[in-house]
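J.: Residues per chain, in single letters:
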Amino acid sequence: MTLRLWPRSLAARTALILVFGLAIVQGLGLAIHTFDRLDVQRLAQAREIAGRIANVYRPLAQSDPAHRDALLAQMHHEPDMVIQLSAAPPDDDLPDMPAPEQRLLRITMNLAPVGAPQLRWRDMVLHGGRDWRQAVIGIHFRDTGWLNIRLALQPLRPWHAPTFLAAFCLMTLAAAALTWWAVRRLLAPVQILAQAAEALGRDVNAPPLPVNGPAEIATAAIAFNTMAERIRRFVQDRTELLTAIGHDLRTPITRLKLRAEFVDDDEQRAKILSDLAELEAMVAATLAFGRDVRTTEPVVPMDLAELLRTVLDDAGDARPDLQEKLAYEGPAHLTIRARSLSLKRAFANLVANAVNYAGSAVVRLIPAQAGFVVVQIDDDGPGIAPTELDRVFEPFHRGEPSRNRETGGVGLGLPIARNILRAHGGDITLANRPDGGARATVTIPL
Amino acid sequence: MLQSMEQTPHILVIDDDRDIRELMARFLEKQRIRVTAARDAKDARKAWANGHYHLVVLDLMLPGESGLELARWLRTQSAVPIVMLTAMGEETDRIIGLELGADDYVPKPFNPRELLARIRAILRRTGDHNEQRLEPSARGYRFDNWTLEPARRRLLNPEGVEVALTGGEFDLLQALVERANRVLTRDMLLDLLRGRQAGPFDRAIDVAVSRLRRKLEDDGRHAQLIKTVRGGGYVLAATVERA
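Line by line, the protein sequences give chains A and B.
Taking our numbering, the leading residue of the first sequence gets 1, the next gets one more, and so forth.
Taking our numbering, the leading residue of the second sequence gets 1, the next gets one more, and so forth.
Chain A on its own, in the form it takes in the complex (with noise of 0.2 Å):
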């Protein structure tokens, strides 16, 4: 696995870049400043020796020769600097100054009040420098001798202060703080956006969007409400076509069934009473689909447990040869706030499939779990074919490809139990457990 330099985040990568950039520019800013203090400490060095030696140099060009030694030993002078009345100019191992170095010391030298003739180039020899933290220079006096001066040089200190870079670095740091949390701010509207989108597919009624932000994102979240809105609209109107078939059926399924009290014929009144029976669950099966039930029940305190015991023993009523194979494990209460009426016919819904399709139903509740409630729902039966288990909750599809009534029902039972629980804020999965069967596992918030 290669090392990831290139972070995967917008607002992680535009920071990096920025941050980059500065440091470039805070770098470059330093290089020079460094370089024009370098210049000017220098130049104030040059002028410091220049002052000090022609302290040095001008009483003793000024006096007889012969008086030099007496008149040098009476002078005060620091000690970083040894002096020396020569006839020869200095003899030492140290090379020639460098020529930029020499020239600068030279032109601070003739500009110094020296207070005697101007000293010409071959009247000073100059050695060592900076590199070598230590300077030897000559100077022949105009008449005879020589004077000597060896003096120790201090390295240059381009940053005067030592909190200077201390300072430098806390500023860039900010810097770079300051970058992270403006970009970071700048785009945490994509994040809404994302987000938005993400709730937008788990519920058509999603709260639309803030419209605020630079421009861009306002725009954005404009043109992302306004699909919202389509969306809707078109879900609405399905639901609505749904809803209104099913009212509309009311009416002539009442007729037919009154007109099946005239059939004399016992069996074929019983058939005909039966299919409208089923036509009947169709379309109630339908209204409850299309009902949005935050709009038509109260969320109120009811006890979970004793709530998915009841649907067992409704289960278990309609089929009384299955009672030994329904079971319920669990806490004997337990208090959550719901609809009481759409949770009951969510968890109906569940435990009807386990039971059409395998017979069985295991209902176990698993109390608080992170802020959740757990409800799993067990069968023993065949379990659900891979490729089925994203369709399953499908409208209108149905786990057998037989579609036959007697088992699988409208196709609206799973779909129904996932809005309720959806608008509950929870959800359902549907798995296979691994020694066989099929899980449907349903999580509430607290």
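All clues stand as given, with none of them false.
Straight-line alpha carbon distances no greater than 25 Å define the calculated SDA-like cross-link-like pairs of lysine to any residue that follow:
id: 1; chain 1: B; residue 1: K30; chain 2: A; residue 2: Q268
id: 2; chain 1: A; residue 1: K325; chain 2: B; residue 2: G167
id: 3; chain 1: B; residue 1: K42; chain 2: A; residue 2: R255
id: 4; chain 1: B; residue 1: K215; chain 2: A; residue 2: V300
id: 5; chain 1: A; residue 1: K344; chain 2: B; residue 2: R139
id: 6; chain 1: B; residue 1: K227; chain 2: A; residue 2: A332
id: 7; chain 1: A; residue 1: K344; chain 2: B; residue 2: R154
id: 8; chain 1: B; residue 1: K215; chain 2: A; residue 2: A352
id: 9; chain 1: B; residue 1: K215; chain 2: A; residue 2: L322
id: 10; chain 1: A; residue 1: K344; chain 2: B; residue 2: G140
id: 11; chain 1: A; residue 1: K344; chain 2: B; residue 2: D104
id: 12; chain 1: A; residue 1: K344; chain 2: B; residue 2: G167
id: 13; chain 1: B; residue 1: K30; chain 2: A; residue 2: F262
id: 14; chain 1: B; residue 1: K215; chain 2: B; residue 2: G232
id: 15; chain 1: A; residue 1: K344; chain 2: B; residue 2: E149
id: 16; chain 1: B; residue 1: K42; chain 2: A; residue 2: T251
id: 17; chain 1: B; residue 1: K215; chain 2: A; residue 2: L341
id: 18; chain 1: B; residue 1: K30; chain 2: A; residue 2: A270
id: 19; chain 1: B; residue 1: K215; chain 2: A; residue 2: Q376
id: 20; chain 1: B; residue 1: K215; chain 2: A; residue 2: L365
id: 21; chain 1: A; residue 1: K344; chain 2: B; residue 2: R211
id: 22; chain 1: A; residue 1: K325; chain 2: B; residue 2: S210
id: 23; chain 1: A; residue 1: K344; chain 2: B; residue 2: N157
id: 24; chain 1: A; residue 1: K344; chain 2: B; residue 2: N111
id: 25; chain 1: B; residue 1: K215; chain 2: A; residue 2: R364
id: 26; chain 1: A; residue 1: K271; chain 2: B; residue 2: Q31
id: 27; chain 1: B; residue 1: K215; chain 2: A; residue 2: A332
id: 28; chain 1: A; residue 1: K325; chain 2: A; residue 2: R439
id: 29; chain 1: A; residue 1: K344; chain 2: B; residue 2: T147
Here are a few chain B residues that sit away from chain A, every Cβ distance over 12 Å (derived from the structure):
id: 30; residue: T8
id: 31; residue: K46
id: 32; residue: A47
id: 33; residue: G51
id: 34; residue: T126
id: 35; residue: N145
id: 36; residue: V183
id: 37; residue: R186
id: 38; residue: Q224
id: 39; residue: I226
id: 40; residue: K227
If you are wondering where the hints come from, they were derived from the structure by calculation, not from laboratory data.
A virtual CB, placed ideally from N, CA and C, is assigned to each residue, including glycine.
Knowing the structure of chain A, use the given hints to seat chain B on it.
T.: Below, chain B without anything else, positioned relative to chain A:
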């Protein structure tokens, strides 16, 4: 079935669909029930003024003045039993209707035989002089800190938490609560609940009672709330308040 009635019962059927009106009239008349049909609220008021009825079957979805308004008006006129035909899945209609004082409801599309069973059960109850006419408009009953709300078909425990009941359990509890401290034999319970239950219910009564005791936290062996009466019957031993 109706030998105890001195006369043929007379029912007012209000539904906006002509075919349903005619078919219902034919069906009920075959069962020796006299039917007058009305197509809307205006028609119904006229029919009400011209006759005496033992029961009203009222479709809540009427054109013009709604069935609920008509039910409210009927309640100002008399205590005649009302059976509502509610739109399937419209919980609010049913709740408002029952709270307005309807005696029973049948979701549409209904099974005619079920409607007939409900009509007969109500007629028997109102025709029986030993049976005190129950105030139909109780919104809720309180007993031993529990609350039973017939219109919303729900039971609340002393903490106000909703406790789920199956349809059969609910009807059984309602029958016991409405006749608290009176012994109800298994036959009486069967008779009271026949209109509601689709399948055979006699054996199931004992099962439902044991589940009810569990849900009401009434220890089965030393049941204090729903007591078993020797010889086959049950009694709800509690003071019931109407809310």
